[in-house]
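Protein chains in written order, with my numbering: chain A, -3 to 744; chain B, 28 to 321.
Treat the hints with care, since some could be wrong.
Over the 12 angstroms line for every Cβ pair with chain B, so calculated as not near, a few chain A residues [claimed, not checked]: (1) G75; (2) D126; (3) A234; (4) P349; (5) M446; (6) G456; (7) W669; (8) A731.
In silico DSSO-like pairs for lysine-lysine, Cα to Cα no more than 27 angstroms straight-line [stated by the list, open to error]: (9) K396/A to K422/A; (10) K233/B to K131/B; (11) K212/B to K233/B; (12) K212/B to K396/A; (13) K254/B to K194/B; (14) K88/B to K422/A.
To give an idea of the chain B side of the interface with chain A (calculated C-beta under 7 angstroms), a few residues [unchecked claim]: (15) D74; (16) P75; (17) A94; (18) D176; (19) Y266; (20) F268; (21) E269; (22) Y272; (23) N280; (24) A284; (25) L285; (26) Y287.
Hints are computed from structural coordinates only; laboratory data are not their basis. For glycine and all other residues, C-beta sits at the position ideal for the given N, C-alpha and C.
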Amino acid sequence: MKKLLALLLALAMPLTLAACGGKDDAAPDPVPQAVTDAPAPVTDAPADDTAAQAAAVPGAVQIALPEGDVITDAKLQDGVFYIGAYGSTDPEDYTGGMDRIYTAGTDGSAPALLYTRESSDIDDFSPSQDGSVWLSTYHFDLDAQTSEQNLIHVGADGSVLAELATADVAGDVIPQLFPAADGGVLLLSYQTVYTLDSAGSVIASADIEGSMREPLLLPDGQIVYHQEAYGLDGVSAAAFVKLDPATGAVTPLPDRSELGLSYASPLCADGNTLWFTRTGSSVYTLDMATGAETEMYTLMNAGINVYDMRTCFVRDGVLWSAESPASMNPTMPAAGSNVLTLYPARAGEDDRPVLTLATMRSDNGLTQMVTRFNRLSADYRIQVRDYTADDPWIDHALEKLNYDIIGGDIPDMFLLDSMPRHTLVKQGLLADLSPYLAADPDITADDYLMNVIDASREDGQLLGLFGAFQIGSLAALPGQSVTVENNTLENLFSLQTQDMDTAVLQCTDGEQDTLAALLLAQSPEDIVDLANASCSFDGVKFRALAEMLAAMPATEYNYDLGASGAEVPYRLFQAYLMQYGDIEFDNLNGWAYTGGEEPPIDQRGSTLVGWPTSQGGMYDVMTIYNFAISSRSAYPDGCWAFIRQILTEDAFQQRMLENGEGFCLKRSVLDAWADMCVQYEAATRADVDTVNAIFQSDRLRVDHGGLMDQVFSIVTEELEPYFDGTIDLDTAVAALQSRVSLYLSENS
Amino acid sequence: MKKPAHDRIGRRARRTSALFLAPSFLGVSLFFFIPFCVVVYYSLVADPISRRFVGLANFQKLLRNAAFLQAGRNTLLFSGIAVPLAVALSLALAVALDRSIPLKSQLRSFFLSPLVVPAASVVLVWQVIFHRSGALNSLIEALGGTGVDWLKSGFSQLVIVALYLWKNLGYDMVLFMAALAAIPKEPLEAAQIDGASPTVIFFRLKLRYLAPTTFFVTIMSLVNSFKAFREIYLLTGDYPFETLYMLQHFMNNTFRALDYQKLSAAAVVMFLAITAVIGLLFWLEGRLGKDLEQ
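Please construct the entire structure, taking both the sequences and the accompanying hints into account.
Now the structure itself:
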């Protein structure tokens, strides 16, 4: 028995160290899939895309305002929608708010105009039970540099019942409005809640203790909000709190949730049930009497786009979302901005096969793509697995993904942004998308920047397809424009020494030459090949490099090199320039340099692109929304039907024009955007031509990350104390050599 | 023919004992034995996705991997130094505290206190002391010496051995104190009457009676030496200086890199090594304690 125990003890020890999965039978054998000529019919968006989406969702209702109106806000009171909109397309008229209020039923009947103003200065509004509406207006006079805030009470017939200056009631704040009894209104400022009667007289006020996040009016007239206390490591305590506006008394809601109520936001209330989200993604209900909490679903997977949600409500136990496309600039509205669509949450009630999509982030762009696909596709439904939904730490998210993969629960698709792409490739988990791209009847090579797509191939395989891309760049002062062909170190040094008052290259000519020679002698491929071949990282090269850098006077060395992998010497050089030069590094994601705040046209910096190498350099392409299909997916055609969405004109327009996420692959959209930038922004036709030439270059290199990411993170960590003078060169090089060797050996 | 009553009773007893053992057997099977079989299986395939059988290729590759060999050497060295030291020092402390000495109770609490300190706090204190700009180097430099990068040099193993001893001595000491108190008085008194010196009594009698406890303490110290990874990881991260790179680093990093086949092969190799060590310890314990049991 003793020996058996010993055996089990020995057995247990490595097992506690080796994480082994459980679900061994879940991975289906790969189903051979013929690439069909007709993928699922989710193609370029029709002219009226919102109508198509609404028509495809059973029960969805549309409320259409007149063409040209842009919906900005919506509120529901006693079964009537009050919709705030902006109605002019002239940028000169727009002052940042709404200029009209409509009323409409929830059945899609035609809305009625309740009230309009000449100026778009309505900041907030609150419908009352008697059909009247309180408005809060804010107007800033640019010439006089003064602001004016008012409260206006508009009757159910559109007449103005009362108007008063906000400052007379709530001081110099912009309050939030909530309905009070008998046509009155509640004004919530940071620390005080005021109750006004229908004539605007203050009948009660109460101070509020603590911070108030996202207040919501409950059916009983009390206000529920989220309160958080912060400790050294973030949120240390959180709760929903009920506020009685008349007395200011606050009562924490009971909480029996295991997770606690951190990162929570109230959505709406249904009787005694509070609906809320965690991290804006997962929906929960909370019984406000008992504190019992129930996890429902994630908004995206239930077909709700939280980024377009204006308000929500619960009907017969189902959450409904009132959505209209969000526009960054109401004077350039997105298609369908005049339509409010009511969508019911649909949590897995249909029979469509489910395609799982693994992601390490969830944002507006992804939400748009997924909800649109889920509404329009008759054949498949996407279920997003956001591994960072409840815990933003990437390491923890990767661990969860690993458990799923080893357990056989392999996602059908991956959004590769922030994922360890090289490990997925190494394990053969990514399918080649080339056959799908070639067979797609709607994708014609001439319409796309195939040169950029081809640059992302590895051994001829297209393992991911991206929705946007940026070009790694250096941004310098005006008058310096160097393209990749003459982007040599000498030119960069020259740029620093000759043309920049504040940039002094602190080394001699000889040192410059040696440094340049060192940098120019090594390509990233050389370094990786060398390291991999010998499994022993060559710290001598780093030592030499460090010696060169050490010869240059340093007072401080502090930089953030980011996570994207690149050539180590280049990055060291980059770090050097950032420290000692007046050159900025930013990704080129538009036709002119727009790093940080947009500089005035006369001070606009030029853009240097590419890597400084002896051949003149490579253009470093960073991809965004990089999707891949799992080689184990049973539904690769369905996955392609989703992924191909990112190539549609509609998707590109949304990402580029509205979200400003970088260049797109479709020529027509790119050209239209360039024309607009030349007409309205800082770009010149020469800028456009320069960047267009880059897209056609045979020197494009797509940065997939990989081994060098971790290597460079070690290099960064070790060189920092060296440069700040805490450790000597020998110590830095020894630590570097030791740690990088381990990493490379481990991965050999 | 009717079976004898003792047969029936024996069968019933066996059935009852099997019934009592079943939950444990199920638990061990479910959480240890079956997962281990899965690990062995993964160690023999090209990857868990294609599951192509590759025989011992993963083991061959693993045994040529410089990082694994380095981790194995470091782990062996660390356990080889830390475990005997922990056993010897805790026994010495237990013997010292077994006598009537002043502040006995306070000293016992002092040595036990590291057990209740959270790992994150321990690491913080250790960083303050052993960082290249830490307290120890400040003291050395104040005394005219030259500071050492304790966590990124040849001294780093010393630091973690010290950390391990600080954390674990108290627990081992309490086990030894309990064992010392349980030694029967008669043989000790008989030896004293026969004129044996305290040294002879300790080495010839007490130590023999302590053999099962020593064996248990050694096993627990070995287990705890693997647990020291938590502190090392918090101190130095995924890729520490090479002398601090343990097998757990290798496994942790390999898991993150989705290299399950390499990870599984490493787990199997580690299992074999630990089985061999524990087998050796059992053999030693049998040899040392057999005559006392008789």
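Here is how each hint holds up against the structure:
1. G75: holds (53 angstroms)
2. D126: holds (58 angstroms)
3. A234: holds (22 angstroms)
4. P349: P349/A is indeed farther than 12 angstroms from all Cβ atoms of chain B, at 21 angstroms.
5. M446: Its Cβ never comes within 12 angstroms of chain B, the nearest being 31 angstroms, so this holds.
6. G456: Since the minimum Cβ distance to chain B is about 21 angstroms, G456/A lies beyond 12 angstroms and the statement holds.
7. W669: holds (39 angstroms)
8. A731: violated (5 angstroms)
9. K396/A to K422/A: Status holds; Cα separation ~19 angstroms.
10. K233/B to K131/B: Satisfied, since the Cα-Cα distance of roughly 21 angstroms is no more than 27 angstroms.
11. K212/B to K233/B: Between K212/B and K233/B the Cα gap is close to 10 angstroms, so the pair holds against 27 angstroms.
12. K212/B to K396/A: Not OK: K212/B and K396/A at ~57 angstroms, beyond 27 angstroms, violated.
13. K254/B to K194/B: Judged against 27 angstroms, a Cα distance of about 11 angstroms means the pair holds.
14. K88/B to K422/A: Distance ~16 angstroms between K88/B and K422/A Cα, so the pair holds.
15. D74: holds (6 angstroms)
16. P75: P75/B check passes; min Cβ-Cβ to chain A is 6 angstroms, inside 7 angstroms.
17. A94: holds (4 angstroms)
18. D176: holds (6 angstroms)
19. Y266: holds (5 angstroms)
20. F268: Constraint on F268/B satisfied, holds at 5 angstroms.
21. E269: holds (4 angstroms)
22. Y272: holds (5 angstroms)
23. N280: holds (6 angstroms)
24. A284: At 5 angstroms from the nearest chain A Cβ, A284/B passes the 7 angstroms test, so the hint holds.
25. L285: Check passed: Cβ of L285/B comes within 4 angstroms of chain A, closer than 7 angstroms.
26. Y287: holds (6 angstroms)
Comparing the model with each numbered hint stated earlier shows that hints 8 and 12 do not hold.
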